[in-house]
Amino acid sequence: MTRIVDVHGNPIKTAELRHAQTSRLGALHREFAQHPARGLTPARLARILQDAEQGNLQAQAELFMDMEERDGHLYAEVAKRKRAVLGLDWTVEPPRNPTAAEQADADYLHELLQDLDGWDDMLLDALDGIGHGFAAVELEWLLYGREWMPKAMHHRPQSWFQLNPNDQAELRLRDNSAEGEALQPFGWIVHRPRARSGYVARSGLFRVLAWPYLFKHYATADLAEMLEICGIPIRLGKYPGGTPDDEKATLLRAVTGLGHAAAGIIPETMSIEFQQAAQGTSEPFLAMMRQCDDSISKAVLGGTLTSNTSESGGGAFALGKVHNEVRHDLLASDARQLAATLSRDLLWPLLVLNRPGNPDTRRAPRLVFDLREVADMAAMATALPPLVNIGVQVPVNWAQERLGIPAPAEGEAVLRPAQATPAMLTGRHGGRVASLAQVLGPRYADQQALDKAMAALPAELLQQQADAMLSPLLDAINRGGSEAELLGALAEAFPDMDESELTEALHRLLFAADTWGRLHGNLDRIG
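Residue numbers (numbering that gives the first Met the number 0): 0 to 526.
Treat the hints loosely; a few may be bogus.
As the list claims (entries may be wrong) - Below, a list of computed lysine-lysine pairs in the DSSO-like style, where the Cα atoms sit at most 27 Å apart:
1) K12 x K237
2) K81 x K297
3) K297 x K79
4) K150 x K81
5) K237 x K247
Stated by the list, open to error - Okay, the calculated beta carbon distance ranges per label pair:
6) R195 x V393: 39 to 45 Å
7) A151 x T280: 50 to 56 Å
8) A454 x G86: 52 to 58 Å
9) E110 x A454: 54 to 60 Å
10) R195 x V373: 29 to 35 Å
11) L386 x R195: 40 to 46 Å
12) A380 x A220: 53 to 59 Å
By construction, these hints were calculated from the structure, which means they are not laboratory data.
Just so it is clear, the structure is predicted and the values come from calculations on it, not from any experiment.
Using N, Cα and C, we set each Cβ at its ideal position, and we do this for glycine too.
All chains should be modelled from the sequences, with the hints used to inform the complete structure.
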């Protein structure tokens with residue numbers, strides 16, 4: 000019987016795949032978040048980050064979830080980066096120089112993944128690791144006939160995990176023990192993107208964003224307090240001396256009510272005056288918030304102009320294009336890391352569970368995202384023809400790859416250039432133009448005869464006439480020199496060039512061609 004092993008060589012018992020590992024840990028399913036972002040201070044934030052470095056990931060994971068939930072700008076920037084991967088095409092490729100069996104394995108896995116439910120959701124869940132440092136998707140397997148397939152793929156909160164006290168790089172499930180429970184092989188897709196180097200607890204991008212998030216929300220709270228104080232005029236109630244306490248209370252209620260209801264009653268002996276609101280400006284708070292938002296955008300997307308335009312508006316488009324190129328580098332990095340994770344944690348289990356034999360992990364099929372940047376088709380169409388005309392050898396495969404146009408299969412219909420019809424030519428310009436058109440074929444045999452006569456002209460004679468005219472310039476070129484010297488030599492040689500013989504020959508050729516065309520064009524019209 001063939002033994003099934005994971006990528007590390009550990010044996011797998013298929014009976015354990017029938018039940019999700021977390022189904023045995025009911026306490027995790029009944030756990031509620033503590034929302035550590037509530038009342039967050041710099042000292043408390045530093046303590047949460049330090050606890051995570053020591054293996055307790057729960058508070059840090061819950062804080063990161065609160066940050067994404069409470070800060071709209073942070074959420075939008077992270078969502079842009081995650082969803083960019085969803086727009087990429089992908090394929091399953093065999094190893095280099097594949098055998099027939101290896102190619103068949105790759106084709107088999109490609110078909111399985113195309114029919115896999117929840118593919119896009121799983122990609123988003125796995126990319127959640129960009130912020131947290133890791134993301135865990137639990138696989139729930141089911142045997143369909145003779146094929147093992149993921150019945151469901153569940154994203155599990157990062158707060159459910161802890162670090163192995165003896166190995167800071169190993170994730171384990173929290174089970175109320177000091178060491179935690181090791182993850183079941185073939186039961187998880189564990190994506191650990193390298194947003195930054197370090198252990199799992201320190202590799203998440205949200206650790207970089209935690210401080211801008213905190214300072215931004217301090218500025219937001221201060222701005223709200225300033226608006227509350229400075230945005231409403233001061234209302235002063237005046238009462239005469241000796242006023243009893245109950246009438247003072249009546250005046251206070253009237254002054255307070257004017258701030259919301261704009262109406263109230265007071266005794267005739269009392270009065271209310273409106274004083275000018277305290278002078279203040281929101282610019283310092285807004286500047287602090289903008290600075291924090293810019294820091295978040297730079298950390299997540301590599302720049303600010305993929306989300307914000309410059310205040311002046313000048314150069315925003317050009318700078319945005321440059322920033323978008325930086326973002327493509329991040330996209331390529333995210334996609335390659337995700338492809339490696341899925342090749343290890345999803346494609347390999349599908350292969351060894353469903354295909355006979357025990358394939359070598361080094362020769363296993365792998366998932367590949369299409370990261371080619373398609374060139375501007377209009378720019379390529381303008382640049383390529385002149386290059387080809389001067390002799391530059393451009394491979395067809397390279398041009399098709401740059402333009403994102405696949406090579407046609409054998410016998411597949413392809414687009415072809417439109418050709419002029421006889422009606423299109425004769426309808427507008429009559430027989431004279433039609434008599435000179437090659438596209439009309441044998442009907443205009445006179446044009447073909449004229450073309451043959453032109454081709455039969457002795458090339459040696461024309462070459463001698465051209466050499467006689469260009470000899471002063473050719474002598475200057477043979478002597479060498481800079482471009483400026485050659486241009487000067489051309490200016491000096493031009494008056495001495497003898498083009499009389501060549502001019503006479505061209506006059507005769509044009510006269511013969513014009514006469515030939517007129518005669519045969521008129522004959523066609525008469526006939």
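Here's how the hints hold up against the structure:
no.	hint	in the structure
1	K12 x K237	85 Å, violated
2	K81 x K297	15 Å, holds
3	K297 x K79	13 Å, holds
4	K150 x K81	24 Å, holds
5	K237 x K247	9 Å, holds
6	R195 x V393: 39 to 45 Å	41 Å, holds
7	A151 x T280: 50 to 56 Å	54 Å, holds
8	A454 x G86: 52 to 58 Å	54 Å, holds
9	E110 x A454: 54 to 60 Å	57 Å, holds
10	R195 x V373: 29 to 35 Å	30 Å, holds
11	L386 x R195: 40 to 46 Å	43 Å, holds
12	A380 x A220: 53 to 59 Å	56 Å, holds
The structure shown violates just one earlier hint, number 1.
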